[in-house]
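J.: Read off the chains here:
Number of protein chains: 2
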Amino acid sequence: MSPTKEDYIKVLFELGGRFNRVSNKEVSNRLDISPPTVTEMMNSLVKVEWVEYTPYKGSILTDKGTEYAKEIIRKHRLWEVFLFEKLGFDIEDVHAEAELLEHTTSDDVADKLESYLGYPEYCPHGGAIKIDLMDMQEDYTFTISEAKAGTEVVISRIVDEEKLLKYFKNQHLNIGDRITVTDIDSSIDLITLTAEEDKEIQISISLGNYLFVEPI
Amino acid sequence: MSPTKEDYIKVLFELGGRFNRVSNKEVSNRLDISPPTVTEMMNSLVKVEWVEYTPYKGSILTDKGTEYAKEIIRKHRLWEVFLFEKLGFDIEDVHAEAELLEHTTSDDVADKLESYLGYPEYCPHGGAIKIDLMDMQEDYTFTISEAKAGTEVVISRIVDEEKLLKYFKNQHLNIGDRITVTDIDSSIDLITLTAEEDKEIQISISLGNYLFVEPI
DNA sequence: TTTAACGTTTAGGATACCCTAAATATTAAA
DNA sequence: TTTAATATTTAGGGTATCCTAAACGTTAAA
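Protein chains in written order, with full-length UniProt numbering: chain F, 1 to 216; chain A, 1 to 216.
Simulated from the structure, these hints should not be mistaken for laboratory data. Among these hints, one or two may not hold up.
Unchecked claim - Cross-link-like lysine-lysine pairs, in silico, DSS-like; alpha carbons within 25 Å at most: (1) A/199 x A/166; (2) A/64 x A/112; (3) A/57 x F/5; (4) F/112 x A/86; (5) F/130 x A/86; (6) F/112 x A/5; (7) F/112 x A/199; (8) F/148 x F/199; (9) F/47 x F/57; (10) A/64 x A/47; (11) F/86 x A/112; (12) F/163 x F/199; (13) F/25 x F/47; (14) F/86 x A/86; (15) F/86 x A/130; (16) F/166 x A/112; (17) F/5 x F/169; (18) F/86 x F/169; (19) A/163 x F/112; (20) A/199 x A/169; (21) A/166 x A/86; (22) A/112 x F/163.
Claimed, not checked - Label-pair ranges, simulated between beta-carbon atoms: (23) A/90 x F/152: 49 to 57 Å; (24) F/16 x A/107: 48 to 56 Å; (25) A/138 x F/86: 46 to 54 Å; (26) A/139 x F/118: 42 to 50 Å; (27) F/215 x A/67: 52 to 60 Å; (28) F/115 x A/115: 19 to 27 Å; (29) F/67 x A/138: 42 to 50 Å; (30) F/161 x A/4: 23 to 31 Å; (31) A/108 x F/190: 36 to 44 Å; (32) A/115 x F/214: 35 to 43 Å; (33) F/215 x A/1: 48 to 56 Å.
Where is the CB? At the ideal position from N, CA and C, for every residue including glycine.
Could you build the full structure based on these sequences and the hints that come with them?
T.: Structure representation (structure tokens):
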């Protein structure tokens with residue numbers, strides 16, 4: 001299907017569209033596309049049976065849509081590994097390039113690329129590459145905003161959006177880091193963590209939704 | 001610019017649009033797009049200054065258009081090398097895949113890919129990859145249809161169009177083969193060649209236009 | 001040189017995506 | 001529960017790319 005449609009279902013997937021309704025507003029914000037255009041596209045995605053849509057209520061991915069989204073995300077992550085490991089790109093730059101290449105990658109190229117890369121498990125941002133691993137990763141990890149105060153966790157994945165990557169990097173929060181969630185205060189939207197060497201870091205709960213961790 | 005426009009200037013380049021006017025008919029046939037659409041697109045390419053167009057007479061690439069076409073062809077050929085050498089694709093299949101990837105490849109990715117591949121000189125079909133080599137290749141090679149009877153030549157390049165590749169492969173004509181042009185008869189559109197082990201091969205002059213050779 | 005064949009353009013339309021402005025529905029606050 | 005804020009949709013447009021049918025130019029054969 002068209003790159004445009006692929007972008008929409010990818011975003012739906014990333015916003016949890018397998019299990020929850022995703023509002024047009026969220027999609028509109030994420031893709032920086034006007035709300036009316038999103039409404040229009042959702043109706044078009046319903047026609048190809050990738051999405052179930054209830055006006056005013058939002059969209060949910062169908063099984064078909066979910067499969068397709070996963071395939072694109074797999075291609076995206078494979079290119080990220082290639083660009084990072086083989087071509088020597090900076091980790092911050094691979095996302096934008098993969099974003100382009102993913103839409104013109106046949107299944108055949110993806111399979112051969114995966115083999116060439118040695119069947120990597122994760123992309124440079126910690127996202128699972130194998131289709132079934134994507135689900136498992138969802139089951140075993142949670143965002144730091146969902147953690148309970150006092151738990152010790154390892155950062156396993158950062159939602160790969162350029163600005164977020166830059167933000168967490170600047171906060172010295174990287175994949176593989178062990179951190180302890182000291183305090184979560186929803187009243188003031190703040191999470192307090194302790195990282196290596198007892199350094200204290202504070203981030204907002206809303207931004208914490210983009211930082212996935214797993215318990216130790 | 002858009003993938004569509006890129007396809008048009010690539011075809012103009014391949015049809016000799018740097019030096020001769022290319023008719024809309026030729027473009028229409030090559031891209032399998034209706035003549036009116038080609039007329040329309042040519043006008044649009046004039047607007048971005050990639051093409052000079054005289055109604056009813058045809059198009060010529062501007063310097064700007066030529067540069068752009070070369071960049072895309074370079075990306076195309078780099079991907080072909082990658083797909084063939086690294087991913088193990090069959091030579092017949094690389095063209096179609098490269099056709100897709102070339103449009104979503106940034107200059108940065110192309111440069112790093114070129115370096116990763118060790119700065120290859122030619123794509124698997126014998127096409128030059130470096131921009132200046134592309135011109136040189138034009139100067140030193142000619143199509144077998146332009147050869148004089150009696151000359152001995154080496155096949156250096158086959159225009160990479162799937163059907164043509166298949167055709168020449170079936171005729172046992174491959175890049176690197178030494179052949180002798182025995183006879184060229186324009187009255188019946190036929191070229192007779194002698195290949196290894198004195199095997200005789202006959203092809204039409206029109207198809208010979210897609211087989212580039214260089215003198216020994 | 002007149003005409004037939006063929007290439008090209010004009011006219012009129014379709015679809016995919018995108019937009020703004022205005023109307024409408026939903027939800028949260030008063 | 002009424003209102004105000006916010007999300008969503010409808011209405012009306014715009015551009016890029018494609019198409020067919022019909023009109024028009026060019027060229028080469030008769």
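J.: It remains to establish, for every hint, whether it holds in the given structure.
T.: Now the hints, each set against the structure:
{"no.": "1", "hint": "A/199 x A/166", "in the structure": "holds (19 Å)"}
{"no.": "2", "hint": "A/64 x A/112", "in the structure": "holds (24 Å)"}
{"no.": "3", "hint": "A/57 x F/5", "in the structure": "violated (40 Å)"}
{"no.": "4", "hint": "F/112 x A/86", "in the structure": "holds (9 Å)"}
{"no.": "5", "hint": "F/130 x A/86", "in the structure": "holds (21 Å)"}
{"no.": "6", "hint": "F/112 x A/5", "in the structure": "violated (30 Å)"}
{"no.": "7", "hint": "F/112 x A/199", "in the structure": "violated (38 Å)"}
{"no.": "8", "hint": "F/148 x F/199", "in the structure": "holds (19 Å)"}
{"no.": "9", "hint": "F/47 x F/57", "in the structure": "holds (18 Å)"}
{"no.": "10", "hint": "A/64 x A/47", "in the structure": "holds (12 Å)"}
{"no.": "11", "hint": "F/86 x A/112", "in the structure": "holds (9 Å)"}
{"no.": "12", "hint": "F/163 x F/199", "in the structure": "holds (23 Å)"}
{"no.": "13", "hint": "F/25 x F/47", "in the structure": "holds (21 Å)"}
{"no.": "14", "hint": "F/86 x A/86", "in the structure": "holds (11 Å)"}
{"no.": "15", "hint": "F/86 x A/130", "in the structure": "holds (21 Å)"}
{"no.": "16", "hint": "F/166 x A/112", "in the structure": "holds (23 Å)"}
{"no.": "17", "hint": "F/5 x F/169", "in the structure": "violated (31 Å)"}
{"no.": "18", "hint": "F/86 x F/169", "in the structure": "holds (22 Å)"}
{"no.": "19", "hint": "A/163 x F/112", "in the structure": "holds (24 Å)"}
{"no.": "20", "hint": "A/199 x A/169", "in the structure": "holds (15 Å)"}
{"no.": "21", "hint": "A/166 x A/86", "in the structure": "holds (22 Å)"}
{"no.": "22", "hint": "A/112 x F/163", "in the structure": "holds (24 Å)"}
{"no.": "23", "hint": "A/90 x F/152: 49 to 57 Å", "in the structure": "holds (51 Å)"}
{"no.": "24", "hint": "F/16 x A/107: 48 to 56 Å", "in the structure": "violated (36 Å)"}
{"no.": "25", "hint": "A/138 x F/86: 46 to 54 Å", "in the structure": "violated (32 Å)"}
{"no.": "26", "hint": "A/139 x F/118: 42 to 50 Å", "in the structure": "holds (43 Å)"}
{"no.": "27", "hint": "F/215 x A/67: 52 to 60 Å", "in the structure": "holds (55 Å)"}
{"no.": "28", "hint": "F/115 x A/115: 19 to 27 Å", "in the structure": "holds (23 Å)"}
{"no.": "29", "hint": "F/67 x A/138: 42 to 50 Å", "in the structure": "holds (47 Å)"}
{"no.": "30", "hint": "F/161 x A/4: 23 to 31 Å", "in the structure": "holds (29 Å)"}
{"no.": "31", "hint": "A/108 x F/190: 36 to 44 Å", "in the structure": "holds (38 Å)"}
{"no.": "32", "hint": "A/115 x F/214: 35 to 43 Å", "in the structure": "holds (37 Å)"}
{"no.": "33", "hint": "F/215 x A/1: 48 to 56 Å", "in the structure": "holds (50 Å)"}
Hint compliance for this structure: hints 3, 6, 7, 17, 24, 25 are not met, and every other hint is.
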